[in-house]
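Asks: Sequence lines, in order, name chains S and X. Under the numbering used here, the first residue of the first sequence is numbered 77, with each subsequent residue one higher. Under the numbering used here, the first residue of the second sequence is numbered 77, with each subsequent residue one higher.
One thing to keep in mind: the hints can contain errors.
[Unchecked claim] Just a few of them, taken from the derived set where beta-carbon distance is under 10 Å, the chain S residues facing chain X:
#	residue
1	83
2	155
3	277
4	324
5	339
[What the hints assert, rightly or not] The calculated label-pair distances, taken between Cβ atoms and stated as ranges, are:
#	chain 1	residue 1	chain 2	residue 2	range
6	X	213	S	160	26 to 36 Å
7	X	209	S	348	38 to 48 Å
8	X	81	S	210	49 to 59 Å
9	S	348	X	123	28 to 38 Å
10	S	119	X	217	17 to 27 Å
11	S	113	X	218	42 to 52 Å
12	S	212	X	132	38 to 48 Å
13	S	160	X	342	39 to 49 Å
14	X	342	S	213	44 to 54 Å
Bear in mind the hints are in silico, worked out from the structure with no lab data behind them. Cβ atoms here follow ideal geometry from the backbone N, Cα and C, with glycine treated the same way.
Protein chains: 2
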Amino acid sequence: MQLDTTKTYLIVGLGLLGGKYAQVLSQKGFTVTGITHSDATLQYALENGYICRGATRDFEELVRQADCLIFGLYPTTLLDWVQEYGALIKPGAFITDVSGVKRGVVEPVQAAVPQAEFIASHPMAGRETSGISHSAEVNFAPANFIITPTDRNTPEGIEWCHALAETLGFARITQLTPAEHDRMIGYVSQLCHAIAVCLMCASDNTELACYTGDSFRDLTRIARINDKMWAELFLWNKDNLISEIDMFTESLLNMREKLVQDDREGLEEMFRLSTARRAAFDKK
Amino acid sequence: MQLDTTKTYLIVGLGLLGGKYAQVLSQKGFTVTGITHSDATLQYALENGYICRGATRDFEELVRQADCLIFGLYPTTLLDWVQEYGALIKPGAFITDVSGVKRGVVEPVQAAVPQAEFIASHPMAGRETSGISHSAEVNFAPANFIITPTDRNTPEGIEWCHALAETLGFARITQLTPAEHDRMIGYVSQLCHAIAVCLMCASDNTELACYTGDSFRDLTRIARINDKMWAELFLWNKDNLISEIDMFTESLLNMREKLVQDDREGLEEMFRLSTARRAAFDKK
Numbered sequence: 077m078q079l080d081t082t083k084t085y086l087i088v089g090l091g092l093l094g095g096k097y098a099q100v101l102s103q104k105g106f107t108v109t110g111i112t113h114s115d116a117t118l119q120y121a122l123e124n125g126y127i128c129r130g131a132t133r134d135f136e137e138l139v140r141q142a143d144c145l146i147f148g149l150y151p152t153t154l155l156d157w158v159q160e161y162g163a164l165i166k167p168g169a170f171i172t173d174v175s176g177v178k179r180g181v182v183e184p185v186q187a188a189v190p191q192a193e194f195i196a197s198h199p200m201a202g203r204e205t206s207g208i209s210h211s212a213e214v215n216f217a218p219a220n221f222i223i224t225p226t227d228r229n230t231p232e233g234i235e236w237c238h239a240l241a242e243t244l245g246f247a248r249i250t251q252l253t254p255a256e257h258d259r260m261i262g263y264v265s266q267l268c269h270a271i272a273v274c275l276m277c278a279s280d281n282t283e284l285a286c287y288t289g290d291s292f293r294d295l296t297r298i299a300r301i302n303d304k305m306w307a308e309l310f311l312w313n314k315d316n317l318i319s320e321i322d323m324f325t326e327s328l329l330n331m332r333e334k335l336v337q338d339d340r341e342g343l344e345e346m347f348r349l350s351t352a353r354r355a356a357f358d359k360k
Numbered sequence: 077m078q079l080d081t082t083k084t085y086l087i088v089g090l091g092l093l094g095g096k097y098a099q100v101l102s103q104k105g106f107t108v109t110g111i112t113h114s115d116a117t118l119q120y121a122l123e124n125g126y127i128c129r130g131a132t133r134d135f136e137e138l139v140r141q142a143d144c145l146i147f148g149l150y151p152t153t154l155l156d157w158v159q160e161y162g163a164l165i166k167p168g169a170f171i172t173d174v175s176g177v178k179r180g181v182v183e184p185v186q187a188a189v190p191q192a193e194f195i196a197s198h199p200m201a202g203r204e205t206s207g208i209s210h211s212a213e214v215n216f217a218p219a220n221f222i223i224t225p226t227d228r229n230t231p232e233g234i235e236w237c238h239a240l241a242e243t244l245g246f247a248r249i250t251q252l253t254p255a256e257h258d259r260m261i262g263y264v265s266q267l268c269h270a271i272a273v274c275l276m277c278a279s280d281n282t283e284l285a286c287y288t289g290d291s292f293r294d295l296t297r298i299a300r301i302n303d304k305m306w307a308e309l310f311l312w313n314k315d316n317l318i319s320e321i322d323m324f325t326e327s328l329l330n331m332r333e334k335l336v337q338d339d340r341e342g343l344e345e346m347f348r349l350s351t352a353r354r355a356a357f358d359k360k
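Modelling step: build the complete structure from the supplied sequences, incorporating the hints.
Replies: Shown next as structure tokens:
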């Protein structure tokens, strides 16, 4: 399926990802409009041709005219927004989002816009940076795009979301349920960020910076983190994340015990297991 | 100071790093000999011109003839070796090693070879690979080289070790006491390896490999680990490593509690702290 380029796309929230969506869709000939709370962001989006029209307030007409909407908002802001403005959305419009958590978002948004179709999705293309001025650096090609449909979605809606992802340049597009998505993201992304942050918070060892090699730098790169967004993501998925933290802590205390006991064979066994499992992650 | 190229260098242990030392020193015109327990390694070292002579046993003459010795052995093997063969070493010879832990090694080796001078050092250029066939891939230029002298070392010995590091291509050469070294390495290297290994051991999530992005891959790259060597390194430095694990676990449990309490502000504070501290590691 090819997306219909005569449709008007409204991007609500012109941050790192919303900005990138706007940029790519404009380049590909779509009519792209935008809503943001920031005058500077609006200015940037207009001047760089990411959108043809936009507003920071009094944006009701932009909402009514849109055939397709993309929410580039934090989850809590997204929920507030659809409560307040969801009724303005055109009947039959296709809507998606970019949220990094799904269970708490998908059903409430679908319930708030019953006249349109919300097909939730997660472009796993986040970076340490944020804001539209970094959008141009985002690369969708190697990233995963996850569609998380529910039984309120139609084959047409899911197909539209798939075609949108292809148009944006994603090569790896898959489907998960919202629950599967949140469990997966708790492990492959949130636990890793929790670990990196805690490693930096554990002690002030910045005087050791001159001795750090690749392993330390790789492990802590993601400790540079957007505080507001990640607090949102962690709290919306806290049950999964707490459970992952508990499994990880148990493993670490297990290793600690082997150290205390001078259990060389036990340590070697852990190293062999981690080596074997990590190899599976290299193949894909 | 320039190293004297008329001297004979004996490399005891032709693994990843010992092999690389042999390769570079031979290229630079030194007479390099080698001892290894493996016939295949000896063959490889001779065929590739890493050494001009070598042996897997009956190597007493090689030891007696060497002006300078480099131990590319695991710590426990190194201690056994000097007990058995240390007396063969030429009086006045300069000796160094490549061990990743220092406190348990330096004084016993110095005591075992009182007729020569052991100046301990640690080339922080390890990789996930091991063995002489991967030596050519090792790059010393960006790595740290740490010399850990004691009061049994002379200015001449330390200067020799410094000149050796320069000859090998290290650009960043520093000195620490053995205790400072082990505390530093417990944090910047061993704790990171412990975390990566435990993340892989915590649960068998290899079915999630297709969803992993850069953050997960970066965090777990070092979970592919040489089991024998790392069990050695962990156990020789277990007091420091356990203390680092405890500080890290406390930080992680602190984050867990903030999740349980829905403490958004507390989470954001941790994220801001980690972001600020990590920035210091980018500058160096």
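Asks: Which earlier hints can't be squared with this structure?
Replies: Structure breaks hints 1, 2, 6, 7, 10, 12, 13 and 14.
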